[in-house]
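Enquirer: Using the sequences and the hints, build the whole thing.
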Amino acid sequence: MRSKKDTHWTLVPASERDIAAVRERCRQLVRRRAMVSAGMAAVPLPGLDIVADLRLFTLLIDDINQEFGLSEQQIERLQPKFRLIAYEAAIGVGGMLVGKLVTREVVMQVLRKTGFKTVARQAGKLVPLAGQLASAGIGFYAFRQIGYQHVDACASVAQELLSAGVHRPTA
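With the first letter of the sequence shown counted as 1, position 123 gets the number 123 in our numbering; the numbers rise by one all the way through.
In short, the hints are calculated from the structure, not lab data. Since the model is a prediction, treat every value here as computed from it, not as a measurement. All C-beta atoms in this analysis are idealised placements derived from N, C-alpha and C, irrespective of residue type, glycine included. Hints should not be assumed to be uniformly reliable.
Restraint-style ranges between C-beta atoms, simulated for each label pair [what the hints assert, rightly or not]:
hint, residue 1, residue 2, range
1, R31, Q73, 23 to 33 Å
2, K81, P46, 46 to 56 Å
3, A14, D63, 32 to 42 Å
Expert: Right, dumping it as structure tokens:
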């Protein structure tokens with residue numbers, strides 16, 4: 001059986017204006033997904049929000065990487081010198097999810113960094129309505145902050161690639 005070829009070739013943004021536009025689109029995406037995360041956090045079933053956050057965050061990281069032209073497959077299509085610049089820039093800005101295949105384990109490591117918020121969200125569910133609202137607010141804030149950090153890391157890597165001379169091929 002033949003597999004379908006990937007025909008979606010989003011490239012690294014070609015100018016600072018393009019980077020700013022992609023950054024803003026991705027920040028909007030983060031806010032929308034953070035709202036969904038907050039909605040799931042308001043549901044009074046312990047653990048449901050964590051499972052939902054894992055899935056939402058995995059999809060979010062993949063979508064952001066794709067938008068910036070920095071998914072694992074897209075980076076592999078770059079010339080070797082640009083690949084090296086991309087990975088070095090990602091390490092330099094602390095973007096451990098830039099250009100990586102995002103797995104559940106990687107997402108769990110990132111979400112563990114917000115361990116206090118997770119504990120507070122779960123504890124907040126023990127207090128009926130106020131706890132659910134607090135849990136949703138904490139969930140929204142944590143998800144948004146992690147998402148914004150990833151968007152900024154991708155924008156920095158894209159800027160480094162642009163400065164190094166990555167240009168959109170003609171054809």
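Enquirer: All hints are to be evaluated individually against the structure, with a verdict given for each.
Expert: Evaluation of the provided hints:
1. R31 to Q73: 23 to 33 Å: This hint holds: roughly 27 Å between Cβ atoms.
2. K81 to P46: 46 to 56 Å: At 49 Å between Cβs, range holds.
3. A14 to D63: 32 to 42 Å: 20 Å, violated
The structure does not agree with numbered hint 3 stated previously, though it agrees with all others.
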